[in-house]
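Novice: Residue numbers (my numbering), protein chains in the order written: chain A, 1 to 795; chain B, 1 to 795.
One or more hints might be untrue.
All copies of an identical chain are treated as equivalent in the list; a pair is satisfied when it fits inside any one copy or across any two copies.
Here are the simulated SDA-like pairs of lysine to any residue, each with C-alpha atoms no more than 20 Å apart in a straight line [unchecked claim]: (1) K302 / D434; (2) K553 / R262; (3) K508 / Q312; (4) K302 / N454; (5) K749 / A649; (6) K517 / W791; (7) K517 / V607; (8) K508 / L735; (9) K654 / S241; (10) K302 / D272; (11) K553 / S737; (12) K553 / S510; (13) K689 / A600; (14) K302 / F437; (15) K383 / V607; (16) K383 / D757.
The set of hints was computed from the structure by calculation and includes no laboratory data.
2 protein chains.
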Amino acid sequence: MTHEAGDHPLRSDELALIDRYWRAANYISVGQIYLLDNPLLREPLQPGHVKPRLLGHWGTTPGLNFIYAHLNRVIARRDLDMIYICGPGHGGPGMVANTWLEGSYSEIYPDVPLSEEGLRRLFRQFSFPGGVPSHAAPETPGSIHEGGELGYALMHAFGAAFDNPELTVACVIGDGEAETGALAASWHSNKFLNPVHDGAVLPILHLNGYKIANPTVMGRMADEDLERLFLGLGWEPHFVSGEDPATMHRQMAATLDSVVTRIHTIQDSARDNRDALNMPRWPMIVLRSPKGWTGPKEVDGKKVEGFWRSHQVPVANARADASHRELLEDWMRSYRPQELFDADGRPHADLLTLAPTGQRRMGLNPHANGGLLKRELKLPDYKTLAVGVPAPGAPVAEATRVMGKYLAEVIRLNADARNFRLMGPDETASNRLDAVFEVTDRVWMQDIEPFDTNLAADGRVMEILSEHLCQGWLEGYLLTGRHGFFSCYEAFIHIVDSMFNQHAKWLKVSRELGWRKPIASLNYLLTSHVWRQDHNGFSHQDPGFVDLVANKKADIVRIYLPPDANCLLWVTDHCLRTYDRINVIVAGKQPSAQWLDMAAAARHCDVGIGAWDWAGTVAGDEEPDIVMACAGDVPTLETLAAVDLLRLALPRLKVRVVNVVDLMTLQSEYQHPHGLSDEHFDALFTTDKPVVFAYHGYPYLIHRLAYQRRNHANLHVHGFQEEGTTTTPFDMAVLNSIDRFHLALAALKWLPDTGADGAALEANLNARLAAHTAYVREHGEDMPGIREWNWTHGR
Amino acid sequence: MTHEAGDHPLRSDELALIDRYWRAANYISVGQIYLLDNPLLREPLQPGHVKPRLLGHWGTTPGLNFIYAHLNRVIARRDLDMIYICGPGHGGPGMVANTWLEGSYSEIYPDVPLSEEGLRRLFRQFSFPGGVPSHAAPETPGSIHEGGELGYALMHAFGAAFDNPELTVACVIGDGEAETGALAASWHSNKFLNPVHDGAVLPILHLNGYKIANPTVMGRMADEDLERLFLGLGWEPHFVSGEDPATMHRQMAATLDSVVTRIHTIQDSARDNRDALNMPRWPMIVLRSPKGWTGPKEVDGKKVEGFWRSHQVPVANARADASHRELLEDWMRSYRPQELFDADGRPHADLLTLAPTGQRRMGLNPHANGGLLKRELKLPDYKTLAVGVPAPGAPVAEATRVMGKYLAEVIRLNADARNFRLMGPDETASNRLDAVFEVTDRVWMQDIEPFDTNLAADGRVMEILSEHLCQGWLEGYLLTGRHGFFSCYEAFIHIVDSMFNQHAKWLKVSRELGWRKPIASLNYLLTSHVWRQDHNGFSHQDPGFVDLVANKKADIVRIYLPPDANCLLWVTDHCLRTYDRINVIVAGKQPSAQWLDMAAAARHCDVGIGAWDWAGTVAGDEEPDIVMACAGDVPTLETLAAVDLLRLALPRLKVRVVNVVDLMTLQSEYQHPHGLSDEHFDALFTTDKPVVFAYHGYPYLIHRLAYQRRNHANLHVHGFQEEGTTTTPFDMAVLNSIDRFHLALAALKWLPDTGADGAALEANLNARLAAHTAYVREHGEDMPGIREWNWTHGR
C-alpha cells in the first residue's frame, strides 16, 4: 500500500527540519568522499582541497541518509529503542555522517569533535590510509553489520531482534544485495520471530535501481509484482516512491508513522493474548528513490543521477580538472552549508532537535555494541554428565548425545535470561542433540499440527534448511550480546565459508577498538562427519572447513577434535566461556569407544595435547622407537588399534601414542597462543623418530601447522584423501588409508628394521585388508569386531 | 491455478497404465532400500532377504516417481526433448528405478539387465559397498545434478536450458531445498531466459511438507500465499494437490498437458515475433503430495505416511523383527508386483508403452551426458593480442583488459555455435573485461530503458549479484556440453566454496565412469584481488579460495598465477582447451609492469615455473647465494624490486629469481601431474640456500605444497597475513611484509653474512619503510615512484 501524504500530515516546520537534516548528512557524505580540507567551503575549492585518490560510494548514500533522518524523527517522537542495519555497505559515508551529526561519533572518537576541525578530520580520514574504511564496519558507531560482502543484512537484523522484545531493528536492504541467495532466503525469517518475546524487524527494501554497472532485478520489477512477492512471503509491503524531496518526506514520514503503529499493534495484541499466537503479517517498506539522488544529473554529458554511473565517485577528476571541481563545488553548495553549520562548524543546535539523545541515538544504542549488554551464561557442572570410563575403550557412547544433555542444562539454567539459542539446519535431532527437546522446542510461527513434535512459538532451538540463516541469525544474536551454538553437518558448513570469513574479520578489527566490548564466541559443532556418513556418500564427505579456519588470525580461531564424549563435554564447556573467538569443534555422533574418565579428560583437554602412556608401550620420558599420533575420534580409535597390532607382533617395539585435541598446539608458540613450545613439542614427538599421524581431515593441514617443528621431516600424516562413497565406516577408513591396518603398515615402513616379525606382520595386515574388502562387498557390512579395540584382551 | 480433471480427461486405460507404471517404480524403489534377494517376492520375506544396513530415503521417492511417470507420458505423446533434474537428492532410488524400468539403466550398465537377476542386482547394489550411492549422482543415468548438498537444482536447470532451444528441463525442487539461499535466489533466473534461443525450464515445487525432522516453511504456507509469491516472482503457478492416486493422476496429467502447451505457446510466439520480446510468464507446478506416499501409514503406532518419520527408512528393523518384516512385505505387495513384471522379471511389455524410447528416454537423453554433445571452441590466435614488451618492466598494461579482448574474440568466433558464456556478479566491467561488450551484451529480459548500456534479450554475458547463480548456471551449462568462464572478485568466490567442492566431486566420480564423456573445464578468473582492493577494504581481501582448491583431487584442479598480461593470455587460452578440470586463474586488473614478450611468456607458462635470469644476477646453472621466488603479479613486482635493492647495495651477491605461474609445480610429481621432479625443483631452488618466496595468498599454502622438497627448511614465505584495510596499494604490501623492503630485509636476515654493506642496506630499508608510512598517512597516496621497478635505471 502507498500512504498518501494526507494520511499523517507532516507540519511544514517538521518538513523543513527533516529536509535540512538530510541535506546536512548528504553534505557530510560528499565531503568525506572528496575533501582533504576546506570542509565548510569557506573559500572556493582548490585542487589541494581535493583528495588525490577518490575512493567511496555515493550512489546509495542519499537514500540511506533519507532513511536515517526519518528514523530519527520516529525514534525521538516515540522514544523507540532502535538500531539501523545498513545492508548497502557502500553507504559507509552516510553512517559516519549521521553518527557525527547526532554527536555519537565524537563521543566515541573525541579526536573528531563537533567542530570545523572535527569535520575536516572526519572528511580526511574516510577511505584514507590510517583512517576509516569506506563501508560500514566495526569502526562505525551503531553498526553490527559489515557492509562488504552482501547478503546478510536481514539475517543479522533478525538475530538482533530475537529475545529483545523492546528493540526494533530497521534494516535497509539494497536492491543489489536483494539478488543474493542469502538475502533471498532471509525473508522467511518472519516465520521464526515471536511477537511476544522477540523485538521487531522493519525491512526497508531500498530500490535505487542499479548495481555497479547493471540495473537490479527488483528495481525493474513492477510494483504489482513486488507487492505480490512480499505478500506471498508473509509481509505487508508499504511503498514510498519518487524523487521530489518534499513529496518524498511527506510520504516517508506518513509511512513510518503507520508501520511503527502497526508494529506496536501486533506486539500489543500478541503480548496481551499469549495463547492465540498466529504468525503476524509484519509491515515492511519498499523505498524507490533515484541512485545518486541530489547529486549531479550529468557529468561530461553522461547520465549520472538515477543511473549506475553514480555508484562510486560521480565527479571523477575534481582535483585535476577545474570544470569537475566546479561541478563538485556546486553540488556541495546545493545543500546550503550555511544553513547547516554554525560559525564554529558545529551543526546548528535546532537541527539536532530532530535526532534522539543519549543511548536512543542509533550510533550509541548499546545493542549495537553487544558486549556492553552481554551477561555471562550460567553453566552446569559438566562433570555430573560425564560418562563413566572404568577402563579405556570399555564403554560405548554417542559423544554428541552426551553433549546434548549438557546443552539442555545450559538452556534450562538460562531459560529466564533468554540469552542462549541453538541453531541447526534441520539437524539437531539427526546430530543427536535431542536431549534439548526435553527442556525446549523448535521455534515455529506457522501452523502447528496436532501430530507435530517439539514445535512451539517459543523455543530455544532454531531450525531451517539454510546454513546461511543459521549462521546469520546467530551472528546477529551474538553481536547484540547473547550466546549460542551452531551444529551442522561437517561437509555443508562450507556453505557459510564466506560468512565465517567475514565474522572473523569483524572480530579481528573489533578487538583492536577499545570501545567495542567483547562478545560471546561463535561456536560450531561439526558432526555427521566425513568418516560416518553412512546414510549418504561422497557429497557429504568434506573435512576441509578447518583448513579455512586455520588461515584466520591466530587470536580469533580455535579448532578442537575431542576424541570422546568426556573430552567433548570439557571442550563444549570451555568454548561457552570464551569470547571474541570462533571455536570449531569436530566430533562424531555414532556410538564409539570412550577413552578418558572425566578427570583425565579435563587434564588432557586443558593442555590440548598429550601422550597416552596407557595406550602405548613406553611411559613418561622414555624414548620411543615411533610415535603414533592422532587427532579426531575415528583416527584415535584406529591409531590405538594399530598400536595393538604392532605390540602383539613386535613385543619389543617402543611406541608412544600422542593424542591432539586442540589442533593449534601443533603450531609454534610464536604463531598461535595455544602453540606448544618447541621443547614441549620435541618431548612429545621426539626430534628424530618416525611419527605416523592419523588426522581427521586433509593431511596437508597438519604439515602446514607443524612445518617449523624440528622433527617435521619424519612426520607422516594419514587423513582424508578425497576418496569417498556410500560404504561401511571401516571401509571409508580403508579407502583413505587411515584404518588400523594401513597405519600399522605405515609404522613398519618408517621404522628402521623390524626383521622377520615385521615381514610377517606386513603380510598379515595385507591379508586382513583383502579379507575386509571381500567381506564388505559380499555382506554389505563390516566384519564383526573389525572396528573394535582389543588392548585389554591382549593383556 | 488448479486444473480440474475435466479439462483434459485422462482415458481410463491411460489412467490404469500410468498408475501401474508408478506402482512399478515405487516397488523398485522400496526394493532397493530393503532387499538383498527375493526381488519379485516369489517367496515370503526371510531375514536373509533384507539388507543388514538399511540406508536410503523413502519419503520423497513416491512423489518423484509420480512426476517421472507423468513426464514420460507427455514426452512420448509430444516427442519432447526433456531431462529431469532431481533436486531432492534423497530420491536416488526413484531415479534408478525409473531409468531401469525404461531400459536406459541396463543399456549403460549391461550387468544389471532387465530380468529378475538384474532386479536382484539393482536392489543389492543400492547404498551398498562397491555399489551405487543413495543420491542421484554421476553414476545415475540421466542426471546432471548431484543430490547431496541442496540448493542448486533450479540453477542447474537454467544452465542446461540456455542455448538449447529445443530442450525442456523439468526440475523438481523439494520443499527442504526451497529453504536454502541458493534456491531462493534461483527463481529470478526467469529474468535471464530468452524464449527465442533458450529452452524451457519447468519447475515442479514438490511440497511433501517435511524435512528430516521438521515441517517445511513452504509446505506450511497457504496456497494463496504461494500463488502470490510465485506470481510476484514472475511465474504462473499451477497447483496439483491431494493424495488419492486416481484423482492426482488426472490432475497431474491435465496440468502437464496444459503447462507444456503454455510453454510451446510462449516459445512459438517469441520465435515468430523476434523483435517484440517481453519477459514471458512461464508456467510452473506446485505439487502437494504426502511424504512417504503409499508407504506404511503407521509403524509401531507412530504416524509415518504424510509425516517426517517417512524421511528415511520407515520400517527400520525389517531384518530382525518379524512384524516389521511383515509390514515391509505387505507394503511391497500392495504395489501388486504380479501385475508389473513378467515371469522373467522384466517389466511387462505393455507397461513400457508409457515411456518414450531411444534418446527420448530421460535416462539416455544426451544433454544429461553433455560430453557427448560438446563441440570444441574456436579459439583465436592469442599471440595477435600480445602486449609488446621491448624490455622487461617497460610497458604498463591492465592484464584483465587484455584478457577481455581475447574473450571478446572467443565470443565472436563462437557466436553462431552459441556455446560459450561469460558469468559474473555485476563485475565484468569492473574486472575490466569490458571489451566483450563490443561483440555482445548482457542478457536482460526485463524492461530496458533507452539510456541503458549493453543490455539485450540476447547476449553472451550473464550478470546477477549472486555468485551462487553465476556458478550454478555455468555448471549446468558445462554439464550439458558447453563452455564458459566465471570472473569474480577474489574474496567473494568463497561464497561458492561449497558449490566448487560439489562440482569437483562430480568431476572426480564422472572421470571414473567410462560412459560419462569429458565436459569443458570450469574456469575461474579471480581478480580485484587482495592486493588491489583500493576502493574497498578488509572485507574484500581474502586470497584463500585456492587453499580450498588445493585440497581436491590432483587430477581435477589447477591454479595459475600469471605475472603479467601475456602470461594471462597464454593461461586463458590453455584453460579453454582443457576438459574435466577446474582451473583457477588469479590475476590483477590494475595497470602494472609487463615482463615477458609473448614468446617468452608461452615458454614460461608451458613449464609453469622458471628462473628469470634477466631479473637476477646469476645465469643458468650458476649456484646463487639466495633464491628470490615469487607467484602472483604484485609479489613478482615486489620481488624484482627487492632484487634491485639487493643488487645495488651488495654488488657481489648472487641472486636467482624464480617465478611460479602454475602453483601445482611446487608439489612433487607423485602428488600432482604438474609437479616438478625433485631434480628440477632442486635445480631451481637449490638444496641448501635460503629461498625468500613472495606469494600472493596465505603463505601456508606454499609450505603445504612444498613440504616434501629437500630445501623446504630454507623456504621463507611472505604472503597475506590477514592484515587489511582501506589503504594504498603499496601500504597493503607493507602491512603484510610482502613489499620490496621487507623482502630485501628477509634476504639479509637469511643470508649468512652480508657485512657492513648489509648493515647499511638494512638501515636504509628500515628508513624507507618509515618514510613510506609517514608519507601515506600524510598524503593519502603512495610516494611517487615507490611502486616502480628500476633495474634498467641501475644498469
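Novice: Against this structure, judge whether each hint is valid.
Specialist: Hint by hint, here is what the structure shows:
Taking the closest pair of Cα atoms, K302 and D434 come within 20 Å of each other only across two copies (18 Å); inside a single copy the shortest separation is 62 Å, beyond that limit. Proximity of K553 to R262 under the C-alpha cut-off of 20 Å is found in neither arrangement, the shortest distances being 45 Å within a copy and 56 Å between copies. In this homomeric assembly, K508 and Q312 never come within 20 Å of each other (Cα to Cα): the closest approach is 27 Å inside a single copy and 43 Å across copies. Taking CA atoms no more than 20 Å apart as the test, K302 paired with N454 passes between copies only; the shortest distance there is 15 Å, against 60 Å inside one copy.
When the C-alpha separation of K749 and A649 is checked against a cutoff of 20 Å, the pair qualifies only within one copy, where the shortest distance is 15 Å, while the shortest distance between copies is 50 Å. Proximity of K517 and W791 under a CA criterion of 20 Å is satisfied in neither setting, with 50 Å inside one chain copy and 50 Å between copies. When the C-alpha separation of K517 and V607 is checked against a cutoff of 20 Å, the pair qualifies neither within a copy, at 28 Å, nor between copies, at 52 Å. For the homomeric pair K508 and L735, the shortest alpha-carbon distance between copies (15 Å) is at most 20 Å, but the shortest distance inside one copy (39 Å) is not.
Taking CA atoms no more than 20 Å apart as the test, K654 paired with S241 passes in neither setting, with 79 Å inside one copy and 69 Å between copies. When the C-alpha separation of K302 and D272 is checked against a cutoff of 20 Å, the pair qualifies neither within a copy, at 57 Å, nor between copies, at 36 Å. For a Cα distance limit of 20 Å, the shortest separation of K553 from S737 across copies, 15 Å, qualifies, whereas the shortest one inside one copy, 32 Å, does not. Taking the shortest Cα distances, K553 and S510 sit within 20 Å of each other inside one copy (13 Å), while across copies they are farther apart (38 Å).
For the homomeric pair K689 and A600, neither the shortest alpha-carbon distance inside one copy (27 Å) nor that between copies (46 Å) is at most 20 Å. In this assembly of identical chains, K302 and F437 lie within 20 Å of each other by CA distance solely across copies; the values are 18 Å between and 62 Å within a copy. Only within a single protomer do K383 and V607 lie at most 20 Å apart by alpha-carbon distance; the minimum there is 18 Å, versus 60 Å between protomers. For the homomeric pair K383 and D757, neither the shortest alpha-carbon distance inside one copy (44 Å) nor that between copies (64 Å) is at most 20 Å.
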